[in-house]
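Fit chain B to the given chain A structure using the hints.
Residue strings, one per chain:
Protein chains: 2
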Amino acid sequence: MKLSEFYLPTLREVPGDALIASHRLMLRAGMMRKLANGLFAYLPLGLRSFRKLEQIIRQEMDATGSLEVKPTVVVPGELWKESGRWEAMGAALLRVKNRLGADFVVSPTAEEALTAIVREDLESYKQLPLSLYQINTKYRDEIRPRYGVMRGREFVMKDAYSFHADDASLDKTYADMERAYRRIFERCALTVIPVKADSGAMGGSGSEEFMVESSIGDNTLLLCPSCGYAANVEKAACRSDAPTPALSIPLLEKIDTPNVKTIKKLCDFLKIDAKRFIKTLFFRALNVEADLQAETGVQSGCTKETFFAVCIRGDLEVNEVKLAAVLKAGEVALAADSDVERLSGAPIGFAGPVGLSSVPIIADETATAMQGAVTGALERDMHYKNVCAGRDWTAQLVCDVRTVKAGDGCPSCGAALDEKKGNELGHIFKLGRKYTSAMQVSYLDEAGKSQTPTMGCYGIGLDRTLASVIEEHHDEAGIIWPIALAPFHVVIVPVKYDGAVKTAADTLASDLQKRNVEVLLDDRPERAGVKFNDADLIGIPYRVVVGDKNLAQTPPKFEIKRRGADQAELVECGAAAEYLAGKIRVTTQAP
Amino acid sequence: MKLSEFYLPTLREVPGDALIASHRLMLRAGMMRKLANGLFAYLPLGLRSFRKLEQIIRQEMDATGSLEVKPTVVVPGELWKESGRWEAMGAALLRVKNRLGADFVVSPTAEEALTAIVREDLESYKQLPLSLYQINTKYRDEIRPRYGVMRGREFVMKDAYSFHADDASLDKTYADMERAYRRIFERCALTVIPVKADSGAMGGSGSEEFMVESSIGDNTLLLCPSCGYAANVEKAACRSDAPTPALSIPLLEKIDTPNVKTIKKLCDFLKIDAKRFIKTLFFRALNVEADLQAETGVQSGCTKETFFAVCIRGDLEVNEVKLAAVLKAGEVALAADSDVERLSGAPIGFAGPVGLSSVPIIADETATAMQGAVTGALERDMHYKNVCAGRDWTAQLVCDVRTVKAGDGCPSCGAALDEKKGNELGHIFKLGRKYTSAMQVSYLDEAGKSQTPTMGCYGIGLDRTLASVIEEHHDEAGIIWPIALAPFHVVIVPVKYDGAVKTAADTLASDLQKRNVEVLLDDRPERAGVKFNDADLIGIPYRVVVGDKNLAQTPPKFEIKRRGADQAELVECGAAAEYLAGKIRVTTQAP
Numbered sequence: 025m026k027l028s029e030f031y032l033p034t035l036r037e038v039p040g041d042a043l044i045a046s047h048r049l050m051l052r053a054g055m056m057r058k059l060a061n062g063l064f065a066y067l068p069l070g071l072r073s074f075r076k077l078e079q080i081i082r083q084e085m086d087a088t089g090s091l092e093v094k095p096t097v098v099v100p101g102e103l104w105k106e107s108g109r110w111e112a113m114g115a116a117l118l119r120v121k122n123r124l125g126a127d128f129v130v131s132p133t134a135e136e137a138l139t140a141i142v143r144e145d146l147e148s149y150k151q152l153p154l155s156l157y158q159i160n161t162k163y164r165d166e167i168r169p170r171y172g173v174m175r176g177r178e179f180v181m182k183d184a185y186s187f188h189a190d191d192a193s194l195d196k197t198y199a200d201m202e203r204a205y206r207r208i209f210e211r212c213a214l215t216v217i218p219v220k221a222d223s224g225a226m227g228g229s230g231s232e233e234f235m236v237e238s239s240i241g242d243n244t245l246l247l248c249p250s251c252g253y254a255a256n257v258e259k260a261a262c263r264s265d266a267p268t269p270a271l272s273i274p275l276l277e278k279i280d281t282p283n284v285k286t287i288k289k290l291c292d293f294l295k296i297d298a299k300r301f302i303k304t305l306f307f308r309a310l311n312v313e314a315d316l317q318a319e320t321g322v323q324s325g326c327t328k329e330t331f332f333a334v335c336i337r338g339d340l341e342v343n344e345v346k347l348a349a350v351l352k353a354g355e356v357a358l359a360a361d362s363d364v365e366r367l368s369g370a371p372i373g374f375a376g377p378v379g380l381s382s383v384p385i386i387a388d389e390t391a392t393a394m395q396g397a398v399t400g401a402l403e404r405d406m407h408y409k410n411v412c413a414g415r416d417w418t419a420q421l422v423c424d425v426r427t428v429k430a431g432d433g434c435p436s437c438g439a440a441l442d443e444k445k446g447n448e449l450g451h452i453f454k455l456g457r458k459y460t461s462a463m464q465v466s467y468l469d470e471a472g473k474s475q476t477p478t479m480g481c482y483g484i485g486l487d488r489t490l491a492s493v494i495e496e497h498h499d500e501a502g503i504i505w506p507i508a509l510a511p512f513h514v515v516i517v518p519v520k521y522d523g524a525v526k527t528a529a530d531t532l533a534s535d536l537q538k539r540n541v542e543v544l545l546d547d548r549p550e551r552a553g554v555k556f557n558d559a560d561l562i563g564i565p566y567r568v569v570v571g572d573k574n575l576a577q578t579p580p581k582f583e584i585k586r587r588g589a590d591q592a593e594l595v596e597c598g599a600a601a602e603y604l605a606g607k608i609r610v611t612t613q614a615p
Numbered sequence: 025m026k027l028s029e030f031y032l033p034t035l036r037e038v039p040g041d042a043l044i045a046s047h048r049l050m051l052r053a054g055m056m057r058k059l060a061n062g063l064f065a066y067l068p069l070g071l072r073s074f075r076k077l078e079q080i081i082r083q084e085m086d087a088t089g090s091l092e093v094k095p096t097v098v099v100p101g102e103l104w105k106e107s108g109r110w111e112a113m114g115a116a117l118l119r120v121k122n123r124l125g126a127d128f129v130v131s132p133t134a135e136e137a138l139t140a141i142v143r144e145d146l147e148s149y150k151q152l153p154l155s156l157y158q159i160n161t162k163y164r165d166e167i168r169p170r171y172g173v174m175r176g177r178e179f180v181m182k183d184a185y186s187f188h189a190d191d192a193s194l195d196k197t198y199a200d201m202e203r204a205y206r207r208i209f210e211r212c213a214l215t216v217i218p219v220k221a222d223s224g225a226m227g228g229s230g231s232e233e234f235m236v237e238s239s240i241g242d243n244t245l246l247l248c249p250s251c252g253y254a255a256n257v258e259k260a261a262c263r264s265d266a267p268t269p270a271l272s273i274p275l276l277e278k279i280d281t282p283n284v285k286t287i288k289k290l291c292d293f294l295k296i297d298a299k300r301f302i303k304t305l306f307f308r309a310l311n312v313e314a315d316l317q318a319e320t321g322v323q324s325g326c327t328k329e330t331f332f333a334v335c336i337r338g339d340l341e342v343n344e345v346k347l348a349a350v351l352k353a354g355e356v357a358l359a360a361d362s363d364v365e366r367l368s369g370a371p372i373g374f375a376g377p378v379g380l381s382s383v384p385i386i387a388d389e390t391a392t393a394m395q396g397a398v399t400g401a402l403e404r405d406m407h408y409k410n411v412c413a414g415r416d417w418t419a420q421l422v423c424d425v426r427t428v429k430a431g432d433g434c435p436s437c438g439a440a441l442d443e444k445k446g447n448e449l450g451h452i453f454k455l456g457r458k459y460t461s462a463m464q465v466s467y468l469d470e471a472g473k474s475q476t477p478t479m480g481c482y483g484i485g486l487d488r489t490l491a492s493v494i495e496e497h498h499d500e501a502g503i504i505w506p507i508a509l510a511p512f513h514v515v516i517v518p519v520k521y522d523g524a525v526k527t528a529a530d531t532l533a534s535d536l537q538k539r540n541v542e543v544l545l546d547d548r549p550e551r552a553g554v555k556f557n558d559a560d561l562i563g564i565p566y567r568v569v570v571g572d573k574n575l576a577q578t579p580p581k582f583e584i585k586r587r588g589a590d591q592a593e594l595v596e597c598g599a600a601a602e603y604l605a606g607k608i609r610v611t612t613q614a615p
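Protein sequence lines, in the order shown, are assigned to chains A and B.
Each residue of the first sequence is one higher than the last, beginning at 25 in the numbering used here.
Each residue of the second sequence is one higher than the last, beginning at 25 in the numbering used here.
Chain A extracted, bound-state conformation (with noise of 0.2 Å):
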């Protein structure tokens, strides 16, 4: 390809609001452009990326077994009322009203299309294990999209999904993905830190994100520098770090506390720590699962709200995803102060679990781990102290709902945790039957008796992980493209187009185009140092310098020059085409 005859509209000014290299060079590169805020249009030299990024993800895909299809992007809301996520899914979600009033979704996901698909035809166990994927267009209507593709609004995921008639297989093909993710990471050069991870509104058991560490990452990762622990803050336990139980506590006693309203006031007034202190939170949470209503006595229901309360030891917070978790809830909120007080029924400042019956209580580990503790005593400016657990309060039901931070010891084998930011790159389920139940997929087993299947999904973000490359690969100059994705392998840059030098400049590129390898010829009338810069921002692995000095040499040579690499070398002409031709062949095979 003649750059003249290529659209490569690069820039030499770093546009304001890229705050990050890959949104700043993917601009500058020509890549992509704006169409509006968290929307950008891929251009060709994008493009070329991008198409090699989706096979690599086909090939891996393929590989496992799973079939691709194409499901629309617009679908019918009724799939997703269906599954209860047009109401749980939140403003995010894209919806649309066609001419006739009837409500679709521009698909941010699809597992209802895919669960619609499967269940039209899926009578019989012999159809299972069935794996199906798609690469396509994606929407989610965020709220502050930023950092170019790396938190766009319209993107392209791969989204696979498998159905399965026990746990077993289910269990089998999520391991093949999951190594499939493995291998297309590293076909990517990408450093992916797999993690632990919460299910979200997804529902399901177990799930596995892959992360790049990230400055601006939303995520916050848990990382053992001893054994190798791996978890997304959201999901991340700790080693229980409870202080040995005393012998005897004294008997539960009212204190005191005028105006003393929040733990810093209280260790400073009492002259404890706050590891001492029961901290009692209320929050709000919207779809609560059905079956912890037995087992909790919080509020089932689609949409329906209901309140409870959350004891914690006084140095630590709830993370309210793992809250969520816990309770299967679509979404989990601190209450506000006008509730907490009725709930309460003293001022901000004085709750705590005993005596406490208008909401049910769930506890953190930590909190029904302490003996001897102070409360708040659901009355002005009173607390109590010698709270114990059991003795004095009971809560309906004790989980790990604690942010672990950096310094808390590894559940594995109890070395302090590391903190990182993350951003998430690709996600892998166990769904379980949740959308093969509430969407009634059946298919008859062998002893012809009606089952409903299990489910796994396995996301990719195509745009972000592409982002990462460039994120993971560049210097001050520019990209520098691992070969599996380089939009060219070579560029080749004649110092000026014309006589002895285009000749040879042409005769390569036609070499080497023979040899499959992909050539941009700067065929432009600029200066070589124009040429240098665009071709080092736009981060081709290997760019071959002609110039009349090298070929007035015997043998002529050529200068050839691995992209980020010190030094340049001089090769022969006549062995130049093979000499690339093999260095792209040796990383250009998928594995």
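Keep in mind that the hints were calculated from the coordinates and are not lab data.
The structure displayed is predicted, hence computed values, not measured ones.
A hint or two may mislead.
Each pair may be met inside one copy or between any two copies, as identical chains are not told apart.
[Said to hold, decoys possible] Straight-line distance between alpha carbons at most 20 Å, and here's what the computed SDA-like set of lysine to any residue pairs gives:
#: 1; residue 1: Lys278; residue 2: Leu146
#: 2; residue 1: Lys473; residue 2: Gly369
#: 3; residue 1: Lys26; residue 2: Gln83
#: 4; residue 1: Lys585; residue 2: Val525
#: 5; residue 1: Lys94; residue 2: Gln79
#: 6; residue 1: Lys573; residue 2: Thr531
#: 7; residue 1: Lys444; residue 2: Ile240
#: 8; residue 1: Lys150; residue 2: Phe30
#: 9; residue 1: Lys26; residue 2: Leu146
Same frame as chain A, now just chain B:
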């Protein structure tokens, strides 16, 4: 690919609402499933053919020098307001409000998006011509989606847009695209009829549609059996069939025609032919372009409605699309009866051009060619006779708006035209500066002067192209795929997948795969008849039957049958892979 590892839910029943062969067969063969009215999901079998079509189109677009891009599917409504199509497109445009209340469009086409992308970086004439294309999801909120993917709501379109400094450059790209389209359809083994077409709401000067003949076609085509002239009725012209003018015509005379309100009654009453009558119709137009205002007095302005009368010979019909094109109007429709009575000052049935001053008069050429005609007299129960154009009335604009019919004379050679129904698969347009002016695109020419580029656009609907291939290539038993689009090239049917038959089938499959032949191996424990039926239904070009009897021959043989052929042939097992590979190779190479 083993069939047991593929997903092929074939159906024996013909779905009730599937009225045409492609709709029926795509459902029965398990190529697709319906998600909602006009929304179809491609299953693995269908997607394999779909991707091949996509690749043929991509290759032919690349060969024209067009570069692939990927704008978003959801685009800002602002862009559509800039171009004026937010209003002009009507209810078929799927409009969405996001969570912040901003307007968006689920793209039915991408003139706006591509123009917006190009205007951001276009600076110099050196960047022109520029041709960009996408193969992407589109949405048209069809009021009555029908016939499967032939007239669906969501579909995939290849749409290309070219930008030029001058008409000569546009003409060249337009001609390149026309050739590319012919090659695309040829590679798909489709018989297309390129016809002259109206440019519709897209605006512009020249355009050509690529049609396939179809009994359910929503286009009427006029075709000359003699010289090859071919046009959509929305554009078709014909030879003048005006009678020789009389030497002298008596003066205008008002005649009593009590209660004679229709042309038929009038013909009976006056004992004249309908060809002697001038029919006067009142129309209402929206969005008439400004440059017509001066010429005709028809009011221009976005969404502003304006009325006018059209005169035509009594035996002819007015084609509203031709009329809208003449007026450069967004929409044209017959006026309501109440408007007609108000504007003509008479009851329905007595309109005529003589003395009509309430609205501008547009005359079809057939009306001004008439001397001594009969027309309504703008008065209850009264007509005029001896009406002469020029003497008794004049038109503000004379043009060709008649609906050409079978039997009318070809405008090129005069032979009687044929009429056929057709479906549009592709459409190429010279858009001119409609979008680049409205959206203020400019570049500097060689003299440093700011100029507006001219533009072309070029679309192909992938889904209906695929369906049309099935319409043209099927029989009672199922689809007969041309090799270039076949989901698999060869289906191997072992009569029983066991013992020596299994070994021979597996060996052939492996030998074919080594030769890049795509093989489906029917390893199901089904009766041979079931397998044969499915193979015929899904339309795989070559079927190889592996059976004990032919394997027992010396040398052992396979039975090979071309789908759709009458006879099978026996081929030696050792030669079969190369024999089949040879057949496939010849037909799948790009021309």
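How the hints compare with the structure:
{"no.": "1", "hint": "Lys278 - Leu146", "in the structure": "neither (64 Å within a copy, 77 Å between copies)"}
{"no.": "2", "hint": "Lys473 - Gly369", "in the structure": "neither (54 Å within a copy, 77 Å between copies)"}
{"no.": "3", "hint": "Lys26 - Gln83", "in the structure": "between (29 Å within a copy, 17 Å between copies)"}
{"no.": "4", "hint": "Lys585 - Val525", "in the structure": "within (18 Å within a copy, 56 Å between copies)"}
{"no.": "5", "hint": "Lys94 - Gln79", "in the structure": "both (16 Å within a copy, 16 Å between copies)"}
{"no.": "6", "hint": "Lys573 - Thr531", "in the structure": "within (18 Å within a copy, 57 Å between copies)"}
{"no.": "7", "hint": "Lys444 - Ile240", "in the structure": "within (11 Å within a copy, 61 Å between copies)"}
{"no.": "8", "hint": "Lys150 - Phe30", "in the structure": "between (51 Å within a copy, 12 Å between copies)"}
{"no.": "9", "hint": "Lys26 - Leu146", "in the structure": "between (51 Å within a copy, 19 Å between copies)"}
Consistency note: the structure conflicts with the earlier hints numbered 1 and 2.
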